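Chemist: Dock chain B against the given chain A, drawing on the hints supplied.
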Amino acid sequence: MDTDRWRQDFPLLQTAKPLIYFDNACATLKPESVLQAMDTYNREFPTCGGRSVNRLGSRVTKAVQAARKVAARFVNAAHEDEIVFLRNTTEGINLLAHSLSLSEGDIILTTDKEHNSNLVPWQLAAKRTNAKHQVVRTQDDGTFSIDVYRAALASGSVKVVAMGMTSNLDGVSIPAQEVVSLAHEYGAVVVLDAAQAAPHQLLDVQKLEADFVVFSGHKLCGPSGTGVLYGTRAAWTTLQPFLVGGSTVSSTTYTEYELLQVPERFEAGLQDYAGIIGLAAAMEYVDLVGRDEIARHEHKLNAYATAQLEQLSGVTILGPTDPAERGGIVSFYIPTIDMHQIAITLDTASSVLVRSGQHCVHSWFHDRDIVGSVRLSFYLYNTTDEIDVCMAGLEKVIAVYS
Amino acid sequence: MACFIAFAVLAVMGIFSSTHRALAREAFGCITRRVTLRPCDTGFKEKIQGHMVGWLLRRSTRVARFINRYFEVLAWIFFIITIWSLVISVEGAYNFYRYGSCNGLNDSSFCVLDPTGSNSGVSAIDVPDDVFLPSCSGGEEVEGGLLSKVPLTLNRYPQMNIRTDNELVFVGCFECAYTRKTYPTVSRLLATYEPAFTFIHHPTKPTTAYLTGIVQCAYEASPEQEWLQLIDRLFMSTPDDLADEDYVYDILLDEGYEVSDIRDCAASERMEQFVAKQRQEVINTGIYGTPLLFVNSTPVVGPKPYRVYRFMLR
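Protein chains in written order, with my numbering: chain A, 1 to 402; chain B, 1001 to 1314.
FYI, nobody ran anything at the bench for these hints, they're computed from the structure.
Each statement offered as a hint is correct.
Below, in silico cross-link-like pairs of lysine to aspartate or glutamate (EDC-like), each with a Cα-Cα straight-line distance of 20 Å or less:
| no. | chain 1 | residue 1 | chain 2 | residue 2 |
| --- | --- | --- | --- | --- |
| 1 | B | K1181 | B | D1232 |
| 2 | B | K1205 | B | D1240 |
| 3 | B | K1047 | A | E395 |
| 4 | A | K300 | A | D385 |
| 5 | B | K1047 | A | D23 |
| 6 | B | K1047 | A | D347 |
| 7 | A | K127 | A | E104 |
| 8 | A | K69 | A | E284 |
| 9 | A | K62 | A | E44 |
Only some residues are given here: those of chain A computed to face chain B with a beta carbon under 7 Å:
| no. | residue |
| --- | --- |
| 10 | D338 |
| 11 | H340 |
| 12 | Q341 |
| 13 | I344 |
| 14 | T345 |
| 15 | T348 |
| 16 | A349 |
| 17 | K396 |
| 18 | V400 |
Nothing here was measured: the structure is a model prediction, and the numbers come from that model.
Don't be surprised by glycine CBs; every beta carbon is placed ideally from N, CA and C.
Chain A extracted, bound-state conformation (with noise of 0.2 Å):
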């Protein structure tokens, strides 16, 4: 991949002095193509979509349809509405837990790794409805089990399976085509959190027969605050309306209402019309790339940080020992020295700019009775170069330190 091209894209990495941007799980910086096309709206067009007949408001409505046409190819869906806007993947899986028919018995499973975004909307809608929330733990490594989980849809009435593709804290992917065949079998309904993969890897909607499939834009180079949440038509049947009022109606009366159809009927109020304009432009973006060509580089990246932090002293590296099951991400830790210290020191000392934390992920250290990881997670436009400025950084921390 010629990263080179890339970067150059990337206003952020265009200045005398460019940072070492490796917190792309949280957020991607964005390329000039996404700041122009929220620009291009701000400027020509700053008005009302679906709704208004006047040439500009006409013009937003085209400009999203266009965007729901980019991020239905994006995840090959069958259909353009099955796709539904909204501000990020914690709103999507919000929705869907409080949209699904949850009654007394009914289990929703998930890992033991999930984002507390897959974890606590579930937990409260089990709070709400009676239901059973139900983990299924991952092996020491931190794989998935299939024959855990196999265990788990046997155990009982499994009504949800709700999952993070790829996990933030160490990368690791669940085989996702296996887990929704398997739920299917039980008849659960399958919800997969993409937030992780959809940047990183080709994602096929139809060949996954994902039920729903939520991710956020600003982990693919898009704005923040924006989201896309597929469901296949039948899913989409299913659900109860969330947020309703303006735009999820064809007609009130004083006491009845009549709801549009999906995906109007969840996409309550006026949108985030630039930020959605912004992502279809951040999807054909990544798309340019090559999702493939991504992960490629990413696997190389990855291999490339490990081999070097394994020859540091005192580290531990979570998830697997073999980089190429971690995607882009490495997270590790130093039982001496304080996370956050790693993590501001590399800033202030060197620019490299990583997580520290537990990564929205509190159970899974709470369990394992880890403080905290620090986590390089690397995108399209990171290079060899930046993890040894990394590494060289890494380890005047630790000498400074230990």
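Modeler: Chain B only, in chain A's frame:
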């Protein structure tokens, strides 16, 4: 300890910056946990330490390692210095409010609240001794109470003085800038508190030395309102005018004085001796410039704000 020192510093910086206010709040949260015997779980110390060590790492690994190793000790040292500075600052602010100088009464060292030193400025005495001071070697004791209306002697000040009540002795010269700056304040004090007032003309330049005898003679001729009006007019006159003896006698005439009597009085041997003795008496106080006020027998050097004199008189 890092959160204590950080809070002290950030709280002050937070007055000017919202970023520092947020950090100060974080530090305060950490302090709250520490004082309630709970561990500080905000990671605040680690963040601050990380920033400092990171910054130092760019320059010297050895220094960064040293700071990291002794961070707690250094934090204690800075904490003590900060508290000490805070105490000094509060004391300085109090001194400035109370005495017009951060360093205390009559201390003319640099004060950040009065950077130009205007509250402590004096007109230095630079008159050659032989011009009008037959003996100004200091230490020669003379009879006190030459002008003061109460039993106050300036000799061997302050050991020999008994604290007076509502007494204001103003030593200054008509042409001196700082005395002239002080005079409106003195007038305001006279109007408000009506203290027993004594003005001693103590010239710092020979051009107006002759005024001492004239003012004394005028006082003897009419010690009350007319004399105060005369003082007023002399302070309102320009230094150049004051150097002109005829100009001064015109004022005397205007104020209703018998000019020929004043001339004779001022030229008399008695007055010459009086002026010399008064001069000696003032010098014996250790005066080094004007204005010098004795407010209820406390010496105050330089043109202080009104509040300083008010505190003393009250």
